[in-house]
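K.L.:
Here is how the chains run, residue by residue.
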Amino acid sequence: MDTPTDEKLLQDYLRGKPGSFELLVRRHAQELFQFVLRFTGDSVAAEDVVQESLLQVHTSAATFDPTRRFKPWLFTIAANKARDYLRRRSRRHEVPFDAHLGEEGDTGRRFIHLLASDIAAPDEELLIDEKRRVVRTVLEAMPEKLREVLVLAYYHRFPYKDIGEIVDIPLGTVKSRLHAAVVAFGEAYREAVVESAKRTT
Amino acid sequence: MEHKKQVSEELLLDFHLDRLTDEDCSWIEAELRRDADLRGISDRLGRVLQPLDHARPGPVPASLAENVLAYIARSTDPLLPIPFPTNSRDRSRSPFLHMRELIAVAACILLLVGVAVPGVSELRGRSQRALCANNLSSIFQGASAYQQAFGDSLPFAGGVAAASWLPGGEGGAPYASNSRHPYLLVKLNYGPKPKDFICPGSSIAEAMPTDQVAAHDDFGAARNISYDSLNLAGASPNLRPPVAIAYISDANPLFVGARFNDAVDPSCTNSAAHGGRGQSVLTLNGTVQFVRSPIYDATRDNLWTIGDVRRYRGTESTTRNDDAFLVPGYPITDPMIRASYKH
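Residue numbers (our numbering), protein chains in the order written: chain P, 1 to 201; chain D, 1 to 343.
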């Protein structure tokens, strides 16, 4: 038997078919949680955002445009709620990254500049747990608009078109923003690794 | 040349993110074999992306989907959204249909209220959780100071032989409230105030008046403490170190109105204090967490029970020092307890 698509399940739910919405929740809750957790860095907030997002899907299902796909719509809702959460929290300092960002988050830096003076990769000395901590810290410190594109593209492997829909930016901007996000991550990660190595020595 | 490198960077990124067609991949691989500079950039890019694989997210809560479905059910009931089928018939002239439109508008307004109110309620819930965590932190600081003064003993008001910690114990057993123990932190001035024992999520609890503290050996009434604490009946109060188990938390849902409620499933029922969404828990290592299940740590220990014991009469006690069992205290001076309890 064919697995029903998300869009079919949503239609079934709107027609009153029992279990359709529950199946949608079970299908997407985990991935949505991981996305929001990477985005917010807070597991309690992530669960709250997932609950609120799926509640909105439940109450707004009739407004869903059936010619579009469900998953980008769901992630759009979750991304908006995660951004709202981060704004409310407003404890983060993004100046180090934002200071050299252009209009679309393009630093003007290219991959060729990354690790340019890197003779021995400093992170090879780091233990796995320390690497994980450093990566998480660097990701959480990135500006929202870079982090969300990087997370959607790298971890959730959304097509560029879907990312554009979720983040509400043109396709070209998705690509330039992702490029900027990789450069920003690379530079910040290198600095963090050097700092971490200094502390351990 | 610069233009070529810029284009190559875009493609290189897609190459590393596995977003190219097989044909483009082959072309890039050929370019990499041919162009040492490009190969160098590609290597650097790979080394930048490689650490991202280490950022594994934390574990997904085991009952996430169930929690979401329960949250939606709570938030929408009884205003479950009912999809309205479209109706293309002309209905402009019927007064009955005008009434239907009015009803539809009223339903929309109710639906909006149904969506907005949980939002406000959610914000309030977060604030209450934060305040609750502050309370538990204050209690931990007091308990730590007490432990330093009393040879690592937890606050302990003394044992009563064969006593029941639940009022009205069987066979005329004497009664000894478990809340006598944490009350020592207030009475002996170790820091926590009576208000710190009231979860802001509890609608019926109220702080004991501070001018009454000195005259009592326990909270004056059951409503003066909304938290449940580690059952110290029959256990050594010295639990530090090595274990770090739950010491105090929001109220155990197995006990309501000073009675054991066997209709509650302890494996999946949260405290009622935060709308059933979870409970704040203080462990003896000083950690305060909001946990969304009574199964609260890596040892899969249940906050509300002793091992697999499912029924409680008031004489049960923990036999292991890594098995948290958080029970309420019903001060004997509480009018309801005094009236119902037979000495």
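Read the hints as simulated data drawn from the structure, not as lab findings.
No experiment lies behind these values; they were computed from the predicted model shown.
Misleading hints may appear alongside valid ones.
Claimed, not checked - Stretch by stretch, here's where chain P covers chain D in the computed footprint (C-beta under 8 Å, at least three residues): (1) 9–23; (2) 43–55; (3) 214–224.
Unchecked claim - Not close to chain P: a few residues of chain D, all C-beta gaps over 10 Å, as computed: (4) Leu-64; (5) Thr-76; (6) Leu-111; (7) Arg-126; (8) Ala-161; (9) Arg-292; (10) Glu-316.
As the list claims (entries may be wrong) - Derived Cβ-Cβ restraints for the label pairs, each shown as a range: (11) P:Lys-17 x D:Val-105: 23 to 29 Å; (12) P:Lys-17 x D:Gly-46: 43 to 49 Å; (13) P:Ile-128 x D:Ala-162: 51 to 57 Å; (14) P:Arg-199 x D:Ala-62: 33 to 39 Å.
For glycine and all other residues, C-beta sits at the position ideal for the given N, C-alpha and C.
K.L.:
State for each hint whether it applies.
P.N.:
Hints versus structure:
1. 9–23: holds (count 6)
2. 43–55: holds (count 9)
3. 214–224: violated (count 0)
4. Leu-64: Check fails; 5 Å does not lie beyond 10 Å.
5. Thr-76: violated, 7 Å
6. Leu-111: Per Cβ check, Leu-111 (chain D) is inside 10 Å of chain P; nearest 7 Å; violated.
7. Arg-126: violated, 8 Å
8. Ala-161: holds, 43 Å
9. Arg-292: violated, 7 Å
10. Glu-316: The assertion about Glu-316 (chain D) holds, with a minimum of 32 Å to chain P.
11. P:Lys-17 x D:Val-105: 23 to 29 Å: holds, 27 Å
12. P:Lys-17 x D:Gly-46: 43 to 49 Å: holds, 47 Å
13. P:Ile-128 x D:Ala-162: 51 to 57 Å: Between Ile-128 (chain P) and Ala-162 (chain D), where Cβ atoms are some 53 Å apart, the hint holds.
14. P:Arg-199 x D:Ala-62: 33 to 39 Å: Holds, since Arg-199 (chain P) and Ala-62 (chain D) (Cβ atoms, about 36 Å apart) stay within the stated range.
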